[in-house]
Each structure stands twice: as C-alpha cells, then as structure tokens.
Amino acid sequence: MFLFGDLANIEVVDVIEFLGTIAFAISGIRLASAKRFDWFGAIVVGFVTAVGGGTLRDLLLDVPVFWMQASRYIWCTVFAFVFVLFFRKFLVHLNNTIFWFDCIGLGLFVVVGYEKALALDYPVWVCVSMATITGIFGGIIRDILINEIPIIFTQELYAVACILGGILFGILHYAEVDLLIIEVATAIFVVVIRVWATYYKIRLPILKGED
Amino acid sequence: MFLFGDLANIEVVDVIEFLGTIAFAISGIRLASAKRFDWFGAIVVGFVTAVGGGTLRDLLLDVPVFWMQASRYIWCTVFAFVFVLFFRKFLVHLNNTIFWFDCIGLGLFVVVGYEKALALDYPVWVCVSMATITGIFGGIIRDILINEIPIIFTQELYAVACILGGILFGILHYAEVDLLIIEVATAIFVVVIRVWATYYKIRLPILKGED
Amino acid sequence: MFLFGDLANIEVVDVIEFLGTIAFAISGIRLASAKRFDWFGAIVVGFVTAVGGGTLRDLLLDVPVFWMQASRYIWCTVFAFVFVLFFRKFLVHLNNTIFWFDCIGLGLFVVVGYEKALALDYPVWVCVSMATITGIFGGIIRDILINEIPIIFTQELYAVACILGGILFGILHYAEVDLLIIEVATAIFVVVIRVWATYYKIRLPILKGED
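Residue numbers (the numbering used here), protein chains in the order written: chain A, 191 to 401; chain B, 191 to 401; chain C, 191 to 401.
Some hints could be false.
Same chains, same label: a pair holds when it works inside one copy or across any pair of copies.
[Unchecked claim] Pairs of lysine to aspartate or glutamate residues, derived as DMTMM-like cross-links and limited to a Cα-Cα distance of at most 25 Å, are as follows: (1) Lys-306 with Asp-204; (2) Lys-306 with Glu-207; (3) Lys-225 with Glu-338; (4) Lys-391 with Asp-311; (5) Lys-398 with Glu-338; (6) Lys-391 with Glu-338; (7) Lys-306 with Asp-368; (8) Lys-306 with Glu-338; (9) Lys-398 with Asp-204; (10) Lys-225 with Glu-373; (11) Lys-306 with Glu-373; (12) Lys-279 with Glu-305; (13) Lys-391 with Glu-346; (14) Lys-225 with Glu-346; (15) Lys-279 with Asp-368; (16) Lys-398 with Glu-366; (17) Lys-225 with Glu-305.
Quick caveat, the hints were computed from the structure, so don't treat them as lab data.
Same shape as in the complex, but just chain A (with noise of 0.2 Å):
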C-alpha cells in the first residue's frame, strides 16, 4: 500500500511534468513555426519556452540547472517536435487539450520553483518570485527569440497566478498543512485561476492617460 502509494505519487507528478513540460514546448514550436523557423529553430524554441524558467531560476538560486541533469526535458521537447511535425493540421482541433496541459504544466511549474527556493531557506518572497519565475520566464525568452512583445504581459492573468499560487503556498505552508496537501492545492489552485480567467478573459488593467 505505501509502495504502491509512493510509486503512484511518483508517476502522477512525472507524467504532469512530461504534459507540462510538452505543452510549453508546443506553443514554442508552433509560434516559432508561424515565424518560419526551420526544423533546429523551432525544436530550441520549443526548449527554452519549456526550460527557460527553470533555468534562470536554477541559475539565480546557484543550483544545477535542473535540465542537464537528466535527459528528459531534450526527449520531451523533441517528442512535442515531432508531434507538431505530423498532426499539425489537427493540432487547432486540439486546442482545448494543450491548453489543459499548459494549465496543468504551469501549476506544477510553481509548485517546483517555490519548493526549490525554500529548500535553501529564502524568504517567502523570495520563494513566490522563484515560483514566478519558473512559470513565466520560459514564454518570456520564448517570445523575445520570435521578436513579439511578450503576450505574457498582456495575457489573461498568467503572472498574476503564478504569484498568487506562491502566496497560498507560502501561507499554507506557514500553518504548517501537511507538504502533499499544499503541493496539490497549491497546483490545482493556479489551475482554476488560470481558468477561469481565461473563460471569462479576465485581464488586469492598463496603465495609460501620460501620452
């Protein structure tokens, strides 16, 4: 029962990354793709949008970039490649899917980067900013290597709930909730944030009037 419990747990949290982390890597690939890219272009796309976040916040914390630890992330990316190269004219009728996936990769994403800060005893602020990070940064490189603005500043609350997926990590762990509790909560609660403001394409404002 533990075993099983503990193996289960295991694969649930690496076939989310593997979602996530491919869900990522297709908006790369495919908005690389839109921009003409060639085959390499578009699979380095792929990868940094997927890894990009990780990477500046392994390299902020002085950690080991968590990607040339294990060749999972290069597969995955080359896997989303793939899958783009030969389902491509199905992929708007997937659209609904990847974006579950994105959603689902993201809340992980989070979870990942704010326990990663804590484990080396930062602040919560810190912390929340590492989770952040880890979230966006990737569709940030991802969008300054195609020469668009970054959508993420103009999209439908993604900072925001990175952010405020950090806090409720932050003060459920400070009541001392029980670690998978928050993991899970802290995931699913960025899920339904990114959501519903998609649904209800909630945006925070504009600041304008200087002219």
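Following the hints, position chains B and C against chain A.
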C-alpha cells in the same frame, strides 16, 4: 559623533540607492505602459530595469544575487508603480527631477559594480566591465522586453559615462586615495558626464558608409 | 622538438581563437552599424557576439566565465572595431575571408564547448548541448540586441553543424581516439559542413501548413 557620522553615511547611500532604483523602475514602467503592458507587466519591466544590471553582474561574478538578499528592491519598484499610477499626468513636469535621480542612481550603480568586482580581486578591466554592466544592462533588458532597439546604444554618452567613471575609480584606487573620496568622486564624475552630454546633446559617432 | 611542437600547438590554437573571435566580433559590429548603433554600441554587440555563447555555457556549467580570466577577448573586439572603422569600404571584398574565419572560429568554439563540459564529467548529450550553445548563442544575442529574428534559426545548417560536430567528438572520444586528433577532426568537420551547406544553400526544412 562617530555613530552619527556612520548613521548619516548609511542613510545617504541608502537614500541614493532608493532614488536610483525608483528612477530606473519608473523609466521601465513608463515605457512598458506606453506599449500597453498590463500592471504586472509594467512592474516586471520596472523591476528588471532597476535590478537587471546588478543581476547579470552577480551571476558573472558568481556571488549571491543582491536583490534576493533584501526585499527593498521589490518594494521600491512597487512604490515606483504606485507613484506612476497616481501621478502619471504630472510625470511630464517631473521629467527633470527623474532625470537627476536617474543620473545619481547611475553614479551609485557604477560605484557598487566596481567595488563588487574589486572585493573579489579582479583586475581593473573586469571591475570597469562590471561597473558598466551594472549601469547599462537593466536598460538593455528593458528595451528588449518592450521590443525596441536598446536606446543605450544611441543615447548621449550613457555607457561611456559608466566606463569613464570606472576608469576614474581605478586610477584613484591605484593612487591609494581614501575609499569614501573615490566613491563620491566617481559618482559625481558619472553624473557630471551624463548631465553635460545630455545638455549639449553630445553623442558618440556612428559607424557608416559600408554599402 | 617536443618544445617546438608544444609551442606550435599553442600558437595555432591561439591564432584560431583570435581569428574566430575577431570574425564573430566583426559580424556583430557590422550588423550593429547597419542599425545606426554608435561606436560603443557596435563594440558591445561585437563583444557579445564573440563571447555570448561561451558566457552562457560557463554560467550553465557554473565555472568561471572565460572572458573575465583574460583581457584578450576585449582586445580582439576592439581590434575588430578599429579594423571595421578603417577598412569598412573594403569589407565587402573581404566577405569570403571573414566567412572562412567565422567557420574556423565556429569549429574551435564547438571543440572548446564540448571539452569544458567533458572536463566536468557531464554525459554526451550535455557536452553536445554546451558545444552547440558555445557556437550559436552569441549570434542569437546579437540578433536580439539589433531587434531581428535570430538568423541562426533560418541559416544554412549553422546549429546543425555544431550538433554534428559535437556528436562526432562524442563518438571519437568513446572510441578512445587521441584527443588532439579528435579536436582537429571535429573542428574540420564543422567547417566542412558549414562551407558545404553555404555553398549549396542547404537548409533545414520549415514547419508549416497549420493555418
């Protein structure tokens, strides 16, 4: 008297750092707003403008990233955002004041950048590089994020002021001048060059004529 | 004889590194000038083009950043700038020569990148990644700074040459071939692929057809 002098000294440096950080953040927030970034996007661009140079410096020097050691840089950015939010219609009239804060902040950033490299026993040219990176890199990332060519590369002696300030620091340090005097002299030197170059619209020449 | 061989060896590698650094810097300086960057801007873009890939590699590997250990990379960039400044009208006629320097530099960068990761006992795929990053990332930052889509993602087998060179290094190293032979074979292999792909305009296909 000693205590008071010490306190006064700390306060002056702190106030300068606050003003510099706020001035840099305001420049990022205004430019992001002009590109219709949402509130969060504006705060991120403001923060990156203020801390981007120091972050790259600390990564290159492999020392703990400065803004992760104290939350005041984030608070300065949030303050700058609230300030722009409420007073944006009057900001045009404050352009002169903000310009002075920006110059003074730049002078301080150059001094801090130089000293961080010096403390690790790097040679003069590395110290000057770190001083310059601290001063200019935040503005470069700001302009990349808003998808513009970095204005630093065409502006009135911005980077040159950093380099000359760094060289002055190196000369005075070699001449074993008292550290406090070096710091003040370097910062004032940077401010004077910037103000002078802006007032008389002094720019570096442009390479041309190849085609 | 041994001493002479040793000396000759060092000299050859040094000369190749100089030529490669200068060729990379020249490409950055020319593109920056075409965008009306001032002298300093051109030098920065040239420097970043030459050292950007190695800098990211060293940050990812968490080793001292190479150009902070020796001032020759900055001098090479300044030399490249002075060269462009005085001979820019003749540069068009030197395009072929500069292209060769660029290819030879790329071959060397791939070898250096692979060996840096190998010295830290990283697996083959990390070594290949570091070889590729060393070769291509400088050009990517260059194109981000001048606000263009990175040409690397559409150019003739630029990154592919790095990857294939890295894989060849890995195979020869696995076969326990003498290191000097591996280095020379890898560098020549990279140069040959680049020259061949450029001559016959061989490119990777583009992903398309989604819309």
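Original post:
Which holds for Lys-306 with Glu-207 at a C-alpha limit of 25 Å: within a copy, between copies, both or neither?
Top reply: within (15 Å within a copy, 30 Å between copies)
Subject >> Alpha-carbon proximity between Lys-398 and Glu-338, which holds within one copy, between copies, both or neither at 25 Å >> reply: Answer is both; intra-copy 21 Å and inter-copy 19 Å each pass.
Original post:
Within a copy, between copies, both or neither: where do Lys-398 and Asp-204 come within 25 Å Cα-Cα?
Top reply: Answer is neither: 43 Å inside a copy and 31 Å across each miss the 25 Å cutoff.
Original post:
Can you tell me if Lys-279 and Asp-368 fall within 25 Å by alpha carbon in one copy, between copies, both or neither?
Top reply: So Lys-279 and Asp-368 fail the 25 Å test inside a copy (45 Å) and across (49 Å) alike.
Original post:
Is it within a copy, between copies, both, or neither that the alpha carbon of Lys-391 lies no farther than 25 Å from that of Glu-346?
Top reply: Within. Shortest intra-copy distance 6 Å satisfies the 25 Å Cα cut-off; inter-copy 42 Å does not.
**OP:** Have a look at Lys-391 and Glu-338 and pick one of within, between, both or neither, based on CA distance no larger than 25 Å.
**Re:** within (21 Å within a copy, 28 Å between copies)
**OP:** Can you give me the call for Lys-279 and Glu-305, within, between, both or neither, at a CA distance of at most 25 Å?
**Re:** This pair counts as neither: shortest intra-copy Cα distance 39 Å, inter-copy 42 Å.
Original post:
25 Å Cα cut-off: does Lys-391 pair with Asp-311 within a copy, between copies, both or neither?
Top reply: This pair counts as neither: shortest intra-copy Cα distance 37 Å, inter-copy 49 Å.
Original post:
Is it within, between, both, or neither for Lys-225 and Glu-346, if the alpha carbons may be no more than 25 Å apart?
Top reply: both (23 Å within a copy, 17 Å between copies)
Original post:
Are the CA atoms of Lys-225 and Glu-338 at most 25 Å apart within a copy, between copies, both, or neither?
Top reply: Result: close both inside a copy and across copies, 10 Å intra and 12 Å inter.
**OP:** Check Lys-398 against Glu-366 for me: Cα-Cα at most 25 Å, and say if that holds within a copy, between copies, both or neither.
**Re:** neither (42 Å within a copy, 51 Å between copies)
Subject >> Up to 25 Å CA-CA - Glu-305 versus Lys-225, copy category >> reply: neither (36 Å within a copy, 34 Å between copies)
Figure legend: structure checked against the earlier numbered hints; hints not met, in rising order: 4, 8, 9, 10, 12, 15, 16 and 17.
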